[in-house]
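Novice: The primary structure of each chain is shown beneath.
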Amino acid sequence: QSNVTIYGRVNTSVEQTKVQGEDSATQVVNNASRFGFRGTEDLGNGLSALFQIETGFASDTGAGDFASRDSFVGLKGNLGTVKLGFITSPLYYATHDYLGMHNHDTGFSSDAFLWVPAYDPEKFFVRNSVTYASPTFGGGFTFEAQYAALNEQVADIGGNDANARNDNPSHYSATLSYDNGPLHVGFGYAQTNRFYNFDDGKSKDSALVLAGVYDFKTVVVGLLAEHNKSDNGGLQAITGLTGDHDRNHYRVAVMMPVGASEFHVNYGVAQDWSSTDDTGARQLTLAYNYNLSKRTKVYAQWTKIDNDKQKESIGNGGAYDGGGAYSFLGSGLGLDNTSFGVGLRHNF
Amino acid sequence: QSNVTIYGRVNTSVEQTKVQGEDSATQVVNNASRFGFRGTEDLGNGLSALFQIETGFASDTGAGDFASRDSFVGLKGNLGTVKLGFITSPLYYATHDYLGMHNHDTGFSSDAFLWVPAYDPEKFFVRNSVTYASPTFGGGFTFEAQYAALNEQVADIGGNDANARNDNPSHYSATLSYDNGPLHVGFGYAQTNRFYNFDDGKSKDSALVLAGVYDFKTVVVGLLAEHNKSDNGGLQAITGLTGDHDRNHYRVAVMMPVGASEFHVNYGVAQDWSSTDDTGARQLTLAYNYNLSKRTKVYAQWTKIDNDKQKESIGNGGAYDGGGAYSFLGSGLGLDNTSFGVGLRHNF
Amino acid sequence: QSNVTIYGRVNTSVEQTKVQGEDSATQVVNNASRFGFRGTEDLGNGLSALFQIETGFASDTGAGDFASRDSFVGLKGNLGTVKLGFITSPLYYATHDYLGMHNHDTGFSSDAFLWVPAYDPEKFFVRNSVTYASPTFGGGFTFEAQYAALNEQVADIGGNDANARNDNPSHYSATLSYDNGPLHVGFGYAQTNRFYNFDDGKSKDSALVLAGVYDFKTVVVGLLAEHNKSDNGGLQAITGLTGDHDRNHYRVAVMMPVGASEFHVNYGVAQDWSSTDDTGARQLTLAYNYNLSKRTKVYAQWTKIDNDKQKESIGNGGAYDGGGAYSFLGSGLGLDNTSFGVGLRHNF
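Protein sequences appear in the order of chains S, Y and B.
Here the first sequence is numbered in this note's numbering, starting from 1 and rising by one per residue.
Here the second sequence is numbered in this note's numbering, starting from 349 and rising by one per residue.
Here the third sequence is numbered in this note's numbering, starting from 697 and rising by one per residue.
It should be emphasised that the hints constitute simulated quantities derived from the structure, not laboratory data.
Idealized CB from N, CA, C, for every residue including glycine.
A portion of the hints provided could be inaccurate.
One side only, chain S facing chain B, incomplete, derived with CB under 7 Å [stated by the list, open to error]:
#1 Val4
#2 Gly39
#3 Leu43
#4 Phe51
#5 Ile53
#6 Asp65
#7 Val73
#8 Leu84
#9 Phe86
#10 Arg127
#11 Asn128
#12 Ala149
Computed Cβ-Cβ distance ranges for the label pairs, DEER-style [what the hints assert, rightly or not]:
#13 Y/Pro483 to B/Thr832: 54 to 60 Å
#14 B/Asp719 to S/Ser24: 51 to 57 Å
#15 B/Ala996 to S/Ser24: 58 to 64 Å
#16 B/Gly955 to S/Ala260: 53 to 59 Å
#17 B/Leu980 to S/Pro182: 55 to 61 Å
#18 B/Gly742 to Y/Val600: 37 to 43 Å
Work out the full structure: start from the sequences and follow the hints.
Specialist: Structural data, given as structure tokens:
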């Protein structure tokens, strides 16, 4: 029989959350808990088959769709690895993932400015995709590419086109990474086409991302710069802004390890979408992790999204000119979101 | 890597069911089958991390939401155990569970009179909760407490308040148990606040429960007494009764083991809700278990809910004055429910 | 503790699909991927308990309902095996399964002419069922029978009868198989009653199937003949044809193994439903499998459904006289469906 590995992570926090202008509330929160199975089979001649089936579940409320995270089958050989299925964007792992080192973009302190429409409406999980990852070459380089046929999703998860098959909505990305000792640099581009079917049916959402992290031992510093475009795309669904717009997103992450403790500061800026004032925002996260072991930590974190123009927008009806549209509490445009939480994360 | 244990139970029966006034029907029935993973990690200094992910599934029709039963992460130390997540009420395990020894409150012979609104609309599974369990102290005592923030559930599973965050709906419970050889005594209180948001938005449902079981070797006897209150609470959703009402619930369970056989009698009485005649009911269950091994049994059981005033209510439209509202077949108010089943239960 | 085996299959393909009269589309497709747990317990005296919990999941889009495939608990003894739960029809495994040897009735190249209403609206997975399988007798014979109480399904999955309990909708089947060296012969009958509740509430859908396979070493040949009846039954839901109709279905499957390669040809004919011209269709599948190991294969396949009267039906509104109603792409009546795919299948 085969050799199947069981693995997973449970990450749950208790948080005091607050939307600007409302009372605060206590919440018990899931931070992207997951459970999975994976295995490989040696096929000889340097070739192997591999699979993974990963299920995300709500560690707070008890719910989960089987195989709702990265689930694929693939072949690995000397020329690289090909995978088929439901696969997190390589661009995420090459860039953004390094900036989320305090809690890896899970829960309320996730990077609120990631331009999700450039990938898939369900965050970075790219459905119906084929990916290729190269072996390491040139002393530290790796190349990855992904293509996804999105015609099934348009009907299934929020698109609005009954004739999706003929539109051939699609997603693709390509990334180049360089790793050398304490240094990681990742660069890449992702684009989703014809997924948001507005008047002209030609939506295009993209992300161009450069990120680097250096481990100075006493401190780890990460920097990210991203340029996003949304042409008749996902921007309308989220903010009401129509037409073509673009935006810059910058982020810095700093981590200071002291024994079993880690001190984190994470700051991001989403600039205004072009030609539209007061659509930007800033996010500041302060976090403390105490590693009880290599697999288990307790943590405390505070995060705030400061949306543009929030003061004026309270009570004025909430059109898109209310300001920045970033929220982890489901609030209206322009309202700040804040959370303070303590949590426990266990990997197995 | 970690040490993950796989465990579970499949319990399926074939039953002949009957609602008063209708023909009987044959059904293949799931009796709370479940499947789970759990593990622990020794963190040193008497501390350990623990997790559980349990999935309930329909062993009859094939369906299941991943992590739909007790799923949590926690820490255990010398001062007790703290868990975060989706956790069955400690009050259930301290009291009711002992009265359901014939089939542990699964399937149609479950205790129909448990006042679920005192816990959570989804039976005893308390979402978004934090629990504490003490070590044993004073020669056999244990103390447990649970707090749950229900603001997410109000929106998610049946509540009707769009502004749940500001209402801070919540649940809490506390229990004290005493175990000494053949004796178990459990006592506790559970309350759910502001979950059912009627006119004044101040619903309160509670359960005060005392239960005891004694193993006389030739016979095991269990007794339970429960007092329930529903102030502008879940009672309205279930029976249409408005305002403040309270009720008593009594139950006796007797089990006689004879070799591999067990003979069970279980009888419960739900008295009228205060100031409202004919809202009570009685439930009688007779069961026979044959243990093929420690892990596997076959069984036969007959259960009947005798609701007050059922005869008069047939055909009169079914307002709440139709009588007792207890049903495992989804019948209207005041109609009796009966089932005879044979089943197979396998633990692994 | 118990001995639980983890097993499964991931089968994903990339296909170019085409509905007659539309543009072709690229799709990444799940071919019935599944994941399961099973175990047995020796109870002594030749008796054992057994269980299986199997979950189907979408290897392309990431989704799955836990226990959504064969999940049951049972007892096995000298007189045979009894199982309770959600169980694929024994008739499928005795007959059809042998004709799908190129990819085992998964994905777009599945047998499109299987008369599903004779079993269960959800293909061959028969819910709420009890099955019996005999030991082998008479030098190669086995007998199997299944009964299912469908009253829960009528309400749950597409039936339209609010009073399902009293109608006692049901399914049963019986099969006889003979296996002797290179020869397999299977014969059986399945019938579903009162599931489709039209005017007279007495629907009946049936399948009478005979299949045989012989392994000549250089070539494996399989033949199948099926007679279906639909009396006020599922035919109306699928094609709009009312009343009583019957149909014949024939299929031939040929496989030539050459080293690690397999060449497959599969051809099926669904004749017209009685008294209604142009309701038949033909399906041709050509497939090539390359076995990388006993557990892993890559493959290419082309399949086409050629529905009667498709040319005339385009643009005429699509009443049931449009022609044959067979489709794996969800197209209208009478339209041909074609797909060419390459895929990877890994068993573990």
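Novice: Decide, hint by hint, whether the structure agrees.
Specialist: Verification of the supplied hints:
1. With a cut of 7 Å, the hint placing S/Val4 at the interface with chain B holds, because the nearest CB-to-CB distance is about 5 Å.
2. The criterion of a C-beta within 7 Å of any C-beta in chain B is met by S/Gly39, whose closest approach is roughly 5 Å, and the hint holds.
3. Taken as an interface hint, S/Leu43 checks out: its beta carbon lies about 5 Å from the nearest beta carbon of chain B, inside 7 Å.
4. The criterion of a C-beta within 7 Å of any C-beta in chain B is met by S/Phe51, whose closest approach is roughly 5 Å, and the hint holds.
5. About 6 Å separates the beta-carbon of S/Ile53 from the nearest beta-carbon of chain B, less than 7 Å, and the hint is met.
6. About 5 Å separates the beta-carbon of S/Asp65 from the nearest beta-carbon of chain B, less than 7 Å, and the hint is met.
7. Interface hint status for S/Val73: upheld, as the beta-carbon distance to the closest one in chain B is roughly 4 Å, under 7 Å.
8. Checking S/Leu84 against chain B: minimum C-beta separation of about 4 Å stays under 7 Å; hint holds.
9. Proximity of S/Phe86 to chain B holds as hinted, the smallest CB-CB distance being about 3 Å (cut-off 7 Å).
10. Taking 7 Å as the C-beta cut-off, the interface hint given for S/Arg127 holds, the closest approach to chain B being about 4 Å.
11. Here the hint on S/Asn128 is kept, as its CB sits about 4 Å from the closest CB of chain B, short of 7 Å.
12. Evaluation of the S/Ala149 hint against chain B yields a held restraint, the C-beta minimum of about 5 Å falling below 7 Å.
13. For the pair Y/Pro483 and B/Thr832, the supplied restraint of 54 to 60 Å holds, since their beta-carbon distance comes to about 57 Å.
14. The hinted window of 51 to 57 Å between B/Asp719 and S/Ser24 holds, with their beta carbons roughly 53 Å apart.
15. Between B/Ala996 and S/Ser24 the CB atoms are about 59 Å apart, so this pair conforms to the stated range of 58 to 64 Å.
16. Distance hint for B/Gly955 and S/Ala260: a CB-CB separation of about 58 Å, consistent with the stated range 53 to 59 Å.
17. Between B/Leu980 and S/Pro182 the beta carbon distance is about 60 Å. The supplied range of 55 to 61 Å therefore holds.
18. A hinted range of 37 to 43 Å holds for the C-beta pair B/Gly742 and Y/Val600, which are about 40 Å apart.
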